[in-house]
Structures are given as C-alpha cells and as structure tokens.
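Here the protein sequences line up with chains A and B, keeping their order.
Read in order, the letters of the first sequence are residues 0 to 254 in numbering that gives the first Met the number 0.
Read in order, the letters of the second sequence are residues 0 to 956 in numbering that gives the first Met the number 0.
Hints are computed from structural coordinates only; laboratory data are not their basis.
One should not assume that every hint holds.
Dumping the calculated DMTMM-like pairs for lysine to aspartate or glutamate here, alpha-carbon to alpha-carbon at most 25 angstroms [what the hints assert, rightly or not]:
{"no.": "1", "chain 1": "A", "residue 1": "Lys74", "chain 2": "B", "residue 2": "Glu97"}
{"no.": "2", "chain 1": "B", "residue 1": "Lys659", "chain 2": "A", "residue 2": "Glu231"}
{"no.": "3", "chain 1": "A", "residue 1": "Lys76", "chain 2": "B", "residue 2": "Glu384"}
{"no.": "4", "chain 1": "A", "residue 1": "Lys76", "chain 2": "B", "residue 2": "Asp545"}
{"no.": "5", "chain 1": "B", "residue 1": "Lys126", "chain 2": "B", "residue 2": "Asp14"}
{"no.": "6", "chain 1": "A", "residue 1": "Lys4", "chain 2": "B", "residue 2": "Asp286"}
{"no.": "7", "chain 1": "B", "residue 1": "Lys265", "chain 2": "B", "residue 2": "Asp777"}
{"no.": "8", "chain 1": "B", "residue 1": "Lys22", "chain 2": "B", "residue 2": "Asp106"}
{"no.": "9", "chain 1": "A", "residue 1": "Lys234", "chain 2": "B", "residue 2": "Asp904"}
{"no.": "10", "chain 1": "A", "residue 1": "Lys76", "chain 2": "B", "residue 2": "Glu80"}
{"no.": "11", "chain 1": "A", "residue 1": "Lys46", "chain 2": "B", "residue 2": "Asp23"}
{"no.": "12", "chain 1": "A", "residue 1": "Lys24", "chain 2": "B", "residue 2": "Asp283"}
{"no.": "13", "chain 1": "A", "residue 1": "Lys82", "chain 2": "B", "residue 2": "Asp106"}
{"no.": "14", "chain 1": "B", "residue 1": "Lys466", "chain 2": "A", "residue 2": "Glu37"}
{"no.": "15", "chain 1": "B", "residue 1": "Lys138", "chain 2": "A", "residue 2": "Asp123"}
{"no.": "16", "chain 1": "B", "residue 1": "Lys9", "chain 2": "A", "residue 2": "Asp198"}
{"no.": "17", "chain 1": "A", "residue 1": "Lys234", "chain 2": "A", "residue 2": "Glu154"}
{"no.": "18", "chain 1": "A", "residue 1": "Lys170", "chain 2": "B", "residue 2": "Glu67"}
{"no.": "19", "chain 1": "B", "residue 1": "Lys646", "chain 2": "A", "residue 2": "Asp198"}
{"no.": "20", "chain 1": "B", "residue 1": "Lys354", "chain 2": "A", "residue 2": "Asp123"}
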Amino acid sequence: MKKPKIIVLRTAGTNCDKETASAFKMAGGEPELVHINELVRDEKFLKDYQILAIPGGFTYGDDIASGKILANEIKYKLNKDLKNFINSGKLIIGICNGFQVLVKAGILPGINSGAMEATFSFNDSGSFIDKWVYLRTTNDERRTTKCVWTENIKETIYLPIAHGEGKFIPKDKDVLNNLRKNAQIVFRYADNPNGSIDDIAGICDTTGRVLGMMPHPERHVIGTQHPRWTREGLKEFGDGFAIFKNGVDYIKEKL
Amino acid sequence: MEWKIEIRNKKGVFDPLGNGIKKDIRDLGIKGVKKVNVSHVFIISGDIARPDIERIAGELLADPITEEYIINNERRATSDERRIVEIAYNPGVMDPVEESTRKAIRDMGIYGVKSLRTERKYLVDGKITEGDFKSICEKLLYNKVIQHVVRAPSFAKATEARQASGYKFKLIIVDMLGADDKRLIKISKDGQLFLNLKEMQEIKKYFKKLGRNPTDCELETIAQTWSEHCGHKTFRGIIEYKEEGKTKIIDNLLKNTIMKVTNELKKPWCVSVFKDNAGIIRFDEDDNICFKVETHNHPSALEPYGGSGTGIGGVIRDILGVGLAAKPIMNTDIFCFGLPDTAHKKVPKGMLHPKRVMKGVVSGVRDYGNRMGIPTANGAVLFDERYIGNPLVYCGTVGIMPKDKSFKSSKSGELIVVAGGRTGRDGIHGATFSSGELTHESETVSSGAVQIGNPITEKKLTDTLLKGRDKNLYTAITDCGAGGFSSAVGEMGQYLGAEVDLEKAPLKYQGLSYTEIWISEAQERMVLSVPRENLKELMDIFKKEDVEAVVIGCFTSNNRLKLRYNGSVVCDLDMGFLHDGIPRFERKAIWARPAYKECENKGKENFTGDLLKILSSWNVCSKEWIIRQYDHEVQGQSVLKPLVGIKNDGPGDASIIRPKFNSKKGIIISNGINPRFGLIDPYWMAASCIDEALRQVIAVGGSLKRTALLDNFCWGNTDKPDRLGSLVRASFGCYDIAKAYGVPFISGKDSLNNEYSVHGESISIPGTLLISAISVMDDVTKAVTMDLKEKGNLIYVIGETKNEMGGSHYNLINNCVGNNAPTVDAKAGLKIFNRMSEATELGLLRACHDLSEGGMAVALAEMAFSGGNGADAELDNIPCDVKKDGVILFSESNTRFIVEVRKADKKAFEKLMKGIPIGLIGEVSGKKYLRVYGVGGKKIIDIGIDKLKEAWQKPLR
C-alpha cells in the first residue's frame, strides 16, 4: 500500500523537524516538512495527510510562554481543519514544544475540547534541562489505554528530555481524575525531573489518536543515540522508534 | 490609548524564577528577604478598546491556570516590608518579545497595536535596607548597559518621542586636511576610531591627493576595515622579536607560522583555508564540513547575557556565510572567568562579579544556542583571577554543506540583498571597540557596542537561506558581523566595487543617520549577491517564512565603494585603498623566560587530600550544571555526549556527532587550552594545547588522518613588547608541533587588547591560546568513552611521565607555579597517537581517557567514579623519568592516556604497543574504592569513589 503521509509542521523557531521526519521515514512513512504559513495561506492542506506531527523547538521564541503563540495561531487560523483532521480518524503527535502547543491550544487532554484544561510551567529547578529519563508506560490506574501510539511498547523506555517549561499542571482535580479514569496518562517519569503533577510526561486524548509527550522519542531511534551504548552494547533501534512505527502502522492498517 | 497589563502568578503557584533570585540575594550576603515575586508587564498602545485588551490579557498573555492579570493597576506602594522595582530595556535595545507578541495579537484578529513594550516587575518581601535593595537591583536585577529602572510613567512617551523623531540628512565632513598630528589623534579618539597616528596620516594623505576632506562615513568605513578586529594587523605586521639576546625580524607572523603549516602539509582534503568565514575540509563524497571559533570578550564583560548570546549568534552566521552557506550542526563554547568566590569588594570598578558574568554568559549561550536548534555538545570552562576584568567567551560552530556549495563569487551587476533582522542603533563601534582596552568607563562610552540578540530571527533566516542555496539563487553570501554592512559589502565587493543606497535598509526605528546605518552591527543580518533574474524566486522563499529581505544596491566593476543616502553621495572610496592602503604595523616584541619559585615537595606519604583538592578545583570540577542547560542533542546526531558513564555524568574527552543517519561517518570536536603553562613558556603552552586537542580526538577513537586545527589567540595589549613577545613565541610553538603531527590549521582568530585598565593600571589576561580540533571519523560505532567498564579488566598508562610539574594543578593547589612546563616530543607522540588509533580500530580499548589537568591521579579517579568501578593501581610500572610518587601522580606531561583493556586482549594489545612506553598499572576492582600504591609499594591513595565524585561535583552544583 501507499506510505502514510506525515505533515511535520514547522514555523519560526521549530527545530526538531528534520529528526522527527527522519524517524517517521525510518518507520515507513512519507514525511513532509510544511511551514504553517503554507496551510494558513491555503497553499497546502491538512486533509492531504494522515499524521500531523508538531515537533520540538522554541516556536516564536517561546515568547509569552512556551508554545503559546503557535497554539494561539492554530486556534485562530486552523481550528476547523484540525477538528476535521481529528474527527476523520487521523493521528497527531506533539513532541516537547509540540506537546505544549497541543495543550495550550486545548487539543489535549481534549476532555472539554477547545478550552485549556492543563498547562506547563517552569521546571522546579528554574532552568532548562537536557537529561535522559526513564518513563513508565504502564499506567498506575491499571487500565487499558486506547493510545494507538504506545501499543505493545516496553514497560520502561529511555528517552531524553530537553526543556525549560516541562512541569505539567492539570487545571484541577477533576481534570486529573479524568485523565486517570480514561487511562490517558501514557508516560510517567520514573524519577520526576521537573515537578510535573502526578509525574506526567505524556498524555493522549480520549480517542487515543492524539499523543503529546515532553521527552523526545525522535532522539532515540538508533543505537548510537543512547548515552551509554559504549557500555551496554550497540542496539539497532532506540526505544523511541516503536512510537513512530506504531503511528505509521496504524495508518497502514486502518486508513 | 496606552494599556499596562501586569501578569503575575496566582497565589500558591510555585515561582522558580523568584526562588532563584532569592537564592542569589542570599549569595550576595543580604539576609532578611522572605520572598521574591516576578511579574511580566506588557505596555500596549494603540487603538484598542477595553474588551480587546481583556481578550489579549486573558487569552494570550496570562496563563488561565497558573497566572492572573491586572490592567492599568495603580502602582502598589513600597514599604519597609515590600520593595518594588520595574525594569525596562533602554531605548534602541532589541526586545525580542515585542515582535512575536504583536504577531499573536494580529492572529487574534486585533489590528490596532501601535507599540508594544515589556518590563519586568520584581516584588521583594522582607526587612531589608534601601541600600541593600539598591545593591540587589544593580547586582542582580538589571544591567544599566541595556536596561533601566522605570522611574516615571512619562518615560515611555519620552522614548517614543525620541524614536519617532525622523532623521534630517546633513552631510558631515571631517576636517582632516587642516589637522596637525595632535588633531589627528584627537579625531581618532573622539570618534572611537581606534586608529593610530600613522594610520591617520595615511588617510590624510589619501584625501589630500583627492583634494577634499573625508565624510564621517568614509572615515568610519576605513576605521572599521583597518581595525585589529577585521584586519588582524598585528599578526600581519612586521615584528622585531627579541629572545635571549637574539633578534629576528618577522614579516607577517601569520604567514610564517600558522598558515605555513597548512601550506607545507598540502593536505588534499583541505578545501578552503584562511580565506572564507571558516575553514572547510572534505567530509565524504557528497559533503564538506566547516568549523569556526570566534570570541566575544568585551561585550560579554559588560553585558554577559547579550554578549555571549550575540557571540554564539555571530559565529553561527559565520557558518551561514561560508561558501554559499553551510548548515550549522554543532556548537562548542569555551569560557574563562574570574574566580567565582571572589569577594565583592575585590571586583574592579565598573566590572561585574565573576559569578554574575558566568551565570549571564551561560544563560546567553543557552538561550541563543537552544533556540537555534544547534546542539552545544562540547566546551570547557576555566577560572583564573586575571580574567576578572576581562572574561573570555569563545564560541564555535561546525557546519555541513554540499561539496559544490563551498565557494562564492559575486559578479558585477548582481544585486546586494540584505536579509534577516532590521538595522538599529545597536552594536555601533563593536569592531573598533573590541580593538581597544576595557576601562571602567567602557560601560558608558561603549555601551552601544552591546546588544541583545533575537535567535528566532536568525533561525528563520537559516531555514530560508539554505533553501535559496539549494536552488542556486545567489552567488555569494556573507554575514553582517563586526562592522555591519561596511564590512560585509566591503569584503564582497573588494575586487568589484559596490553601490549602496542606505535609505533602503529596513530600520528598527527612525532616526538613524546614514553612517549609523552603514556601520551598525545589528544582529541576524546576512548580505547576498543575487543575479537579477533570481531575485523574485529568492524573495518568495523569504516571504513564505516571514523573513524580511530587500535590495540595497548592486555590485559594480569600477572598484569603488559608493554610498548614497536619498541620492546624496556620502562615501566614495577606492576599494584598493580601503583594503590595501593600511600602513604595515611595526612592532617590537620581547620574550624573556620568567623565573618562578620552585615548589617544595617534601616526602609526602599520602596524596588522597591533594587528589580531592584538585578534583574540587575550579578548572577540574564538574561542569554538569552548565552542560545540562544546553540542549546537546537536538538534531539527534550525538554519538558521544559531553557527559558519559554509568550515571551519564562523567567528563567525556571529546564529542562525536553523526551528521547523517544512514552513514557511520562522524565528526569529532575537541579543545585544548591551558593558560597556566603559558605563564612559564608560551611555546610549550601552544605545544601542549595542540597535544591536548589531538589526544582528546584519539581518546574517543579518532585518528590524525583527517584532523584539522583552529587557533584562537586571546592576548593582552600587544602594543606592549612583552605581550607581543609571548604571542610570537606561542605562534612558533603552533608551527613546530602542528607540523610535526601533520595536522593543518584551517582557520583562526585573534582577539588582542584583552586588558582592563583602572586608574592607569592594567590587568592583562594571561595569554590564552585555544586550539580546537575537528576530525572526521570513519566509523562512529568504534567510539570509546572514558568510564571504567568491567571488573577484572586491565588498566594501562600509555606515554611517558616526565618531571614536568610547572603550571600543574598540583602546584596550583600548593600556591606555586614552578618552571618545568610540560613539553611535547612530537616524533614519539605521533607514534603513540597512531598506535592508539589502531587499538580502537581493532576494538581493543574498553575505556580511554586523556591525561591533562591533575595528571594521572585525576584521570584515574574520573574514570573510576564515572564508571562506578573502583580500581587498584601501582605506580611501579609507569614509564617515568623520575621515580617520585608526587610527580607520577600529578605531572601533566603530554601525550599520555589511561586505557582499560580486557584480559583476553592483553596479548594483542601489548603486541600492538611494542616500542611505545606503556605500563600495566592495575585492574578494575569492581569495588567502590580507588587504591593507589606508590613506588616501593606503600599505599598513597585510598578513598571511596563516591567521595571522589562528591568532591568533583560539589563546587559548581
């Protein structure tokens, strides 16, 4: 069958676009880097793709707050297209800054679509941090998650974080309880590096097709990216690869 | 209508920013502060009604979950318990948030914003005196070079009024023809031209021939082109050098040392050297790589955050401006600061405390580098009290480019296009400013030279330029660095001629004179030479991603630099005179060997305490606090990260990146620097720096086969013969050792005049040479890290240890310098390096660490605690010319390594190393102790590896 088409959305300050595209390519997809202006100016169309990836970076400098200005732009300029995209059964992944954008645009957690139900704040340490972290993928609630991106993933995976505003804060207890109840919390930090509530590192929406995560799976798709491969031996794939593979395979099967 | 929106945290929300400031206040020695709150203030003026302002504040500016907003709030009163201050940028200083916020407001469908400014508001709670508060403000909260305290609401209007007032053209003529020598010197000094009398006389002569006086713009253009910063006139001048009674005339030091190595070695893989913005070497069949390291010392001294940020921004543009532009793929940063524990009262007048300089520099590099999406994967930080008035900030960038994009050539008739940031009053006189000494008045006189960068503008520019490059839409490109348009257009048109209409340059605000436009060093601008038929396609690429670009002139064929402002000619110079008219520098240099007191080294029996002390010394201790603030793996290419080992926190020797996912080829970057050796002998300092950079390449598994060097000299005022003498001697060292190792220099830089003078007395930095190495590695999967891996493996020391304690860290902690600095035996060294490369190629090394500061003892300790594996070692077997424990442990002799080898590989390894001085010293014990037995078998070091690690991590945690 045809390769799934992935739109890797760029704008001023996006900087993990190329490696995200490479990861999707490795997984069998056909990624394309598209500037948001091309969508806003109707030169390209969201509907022509099956997966939307919002990669990491410092969109618009993360001025005002991380991801805020792109979230604002998406909300005002692409809202309808994006809703159609989600409703037609397609996939979205937001990594790091992309996760912040999805949350600030009200797309995640998506319980009360459109309104901001969670946010990100500065790491408790007060500064940017680049560090490898272990993530627990079995949710504490012992519920089966609908998330298509994390299907059959290992119980613990190892990925790097690189962010200054990574502290995930749900709006209130209800939002957090819903996240738990719906098994939307798909990644938790084994050793919380930033003060995130409930150790949350990544969540999906209620459909399981929209994923946001602070750690960078695209930075661990090949063996030499692991910080200790010289000690522990060189593996062909990194832990992040499975996430991209899941996304691409889902589209191949379902759409 | 002007609206003032204050955004502050909701009650109960943890504020790490305020918390950090509280901690910094405590570090200042001020007690009694209970809490610090920081809020952001947006001042928006224009035709906007209240409901829209509410929307802007509520939906965009304030986070609905953690923050709240207040509109046009009356200022709360300051009391003894609460002090409030608002800080704003000075007029003309770039505020990056302005542009992006205005865009976001437009996205919301609100179009009436006329101006937008931001401020920061600090609320300091607690019982402190007015004096303490003043001290907090000045030492922590703002820097008067770029910011001010908002005193009255009317300030804003004053600023706008000033910026709005247009510029009225008036051609300024400088009377040179009628000026005597005294007057010429005064013209140079008053205009901050930093030209000497001889140069001024030469300029006068030129204009006398023309029968007219120069315009201010012409004089500025010449001053910039002839500045030390741009012209490297010391290195290219004539030097009369005296050493031990002998005199030697050196005609062009650069050609006779650094460049000579490259010319004589004639490496076929050197693509472009010493010509372009960066040196270029071959990477693989399709691509070349390039490397450049720059300094940004003086701006970083005055405004550490902006200075270092624009430093990294500048060197990235160097890479964008090499050939037809390369893609930046890695950064490296090396800093030299005063001692962080310096008493506040000992900081010279007009200077910032070293700790503040350090924090500012690190966050400047962090915010710029991270936003650019370039991994900062390698670096070093050094401390010495002599850097207190003049810190050093070296910023380096590596780039990759298709082979056929490595050269540029603009042609006459092509258009001059400027793209990226707008031109403002920032950065005026940077090139000339960095060519003089810093004084306590620098902060007021030269503050225009300091700027705040906007990395997102540069990121957009990078993205679009590379697209234009790949479509072959321009024929030449260069960055606007020091000297602004003057330097960029002047260089590109050097052999053609150029005409520019200055009023066409987009400005940040009105009011700039034609000369200010021409020499402004505003950041994030590139100049391109574009064939007319390609203009539209190129402009479309820029437009698509919101990058501003305009045509400001064209290249001609008359060898003249002609500038107009709304039609009036303001500069008309002969390119030949501009670039070649500079009188040769003639300088005297002298070097005399200093004599230091020898260190006393009485029969010590236990060295555990010394080892701990060296591990905790500023230069050796862990820099993890800095490294983790940098995104060192964006782009996903890192193979060896700066921190390695079982807990990812050990000090790696060099970084490796793999620029292509589908190829095993990699790039190794390393740096050698050790000013302490230079105190004794700059020649051996240079030799040691080269050896250090190379042995780091070897230590991670590289080879000398395709390794190239960059030199970067930061020196004191070389008008003084002793300073220049040591520079000359260091250059000799560079030639001899690089030649003997067979590694060419491909690019370099010098920053002279790194002195700080106060009340007529100068503090010079120690002459500091940075040698950076770039090496192509064929197979990155053969890389080796320095952490001890498995219990039972053998530990060897490779290379000969000599009685070379001069400048060592052992001497430093014992408060002396010594006289026998480490030397380099490059013939023996070459053999060691090559054999080590074979060993990694054969997979014989489980770990490898180079021996540098702190010698063998520190290296072994680092390997042990990084690997979480203790070791037992004996000094008896170490190849050494003097059997003294202190020397064997701590001498910093060059070309040495410690390696870990599996027992099964013992034979193969020892056979390979035949003829090379090696010593089997012990094995990985797998226990949590490091035990070392001295000559004769007595235990001289015995300590837990956790304690070693703690000593190493504690100082800069």
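Verification of the supplied hints:
For a cut-off of 25 angstroms, the pair hint linking Lys74 (chain A) to Glu97 (chain B) stands: about 21 angstroms separates their Cα positions. For the suggested pair Lys659 (chain B) and Glu231 (chain A), the alpha carbons sit about 23 angstroms apart, so the restraint of at most 25 angstroms is met. Simply put, Lys76 (chain A) and Glu384 (chain B) have alpha-carbon atoms about 55 angstroms apart, too far for the 25 angstroms limit, and the pair is violated. For a cut-off of 25 angstroms, the pair hint linking Lys76 (chain A) to Asp545 (chain B) stands: about 16 angstroms separates their Cα positions.
A distance of roughly 20 angstroms separates the Cα atoms of Lys126 (chain B) and Asp14 (chain B); the hinted pair therefore holds under the 25 angstroms criterion. Taking the CA atoms of Lys4 (chain A) and Asp286 (chain B), the gap is about 29 angstroms. The hint is violated against a cut of 25 angstroms. About 21 angstroms separates the Cα atoms of Lys265 (chain B) and Asp777 (chain B), which keeps this hinted pair within 25 angstroms; it holds. With a CA separation close to 39 angstroms, the supplied pair Lys22 (chain B) and Asp106 (chain B) exceeds the 25 angstroms bound.
With a C-alpha separation of about 23 angstroms, the suggested pairing of Lys234 (chain A) with Asp904 (chain B) holds against the 25 angstroms cut-off. This hinted pair does not check out: Lys76 (chain A) and Glu80 (chain B) have alpha carbons roughly 47 angstroms apart, beyond 25 angstroms. At roughly 52 angstroms between alpha-carbon atoms, Lys46 (chain A) and Asp23 (chain B) are farther apart than 25 angstroms, so this suggested pair is violated. A C-alpha spacing of about 23 angstroms is found between Lys24 (chain A) and Asp283 (chain B), which places the hinted pair at or below 25 angstroms, so the restraint holds.
Between Lys82 (chain A) and Asp106 (chain B) the CA atoms are separated by roughly 19 angstroms; this keeps the pair inside 25 angstroms, and the hint holds. With a C-alpha separation of about 15 angstroms, the suggested pair Lys466 (chain B) and Glu37 (chain A) falls inside the 25 angstroms cut-off, and the hint holds. A threshold of 25 angstroms between alpha carbons decides the hint, and for Lys138 (chain B) with Asp123 (chain A) the separation of about 24 angstroms falls inside it, so the pair holds. About 22 angstroms separates the Cα atoms of Lys9 (chain B) and Asp198 (chain A), which keeps this hinted pair within 25 angstroms; it holds.
Between the alpha carbons of Lys234 (chain A) and Glu154 (chain A) the distance comes to roughly 18 angstroms, so the proposed pair stays at or under 25 angstroms and holds. Annotation: proposed proximity of Lys170 (chain A) to Glu67 (chain B) holds, straight-line Cα distance about 14 angstroms (limit 25 angstroms). Proposed proximity of Lys646 (chain B) and Asp198 (chain A) is supported: the alpha carbons are some 21 angstroms apart, at most 25 angstroms. With a C-alpha separation of about 22 angstroms, the suggested pair Lys354 (chain B) and Asp123 (chain A) falls inside the 25 angstroms cut-off, and the hint holds.
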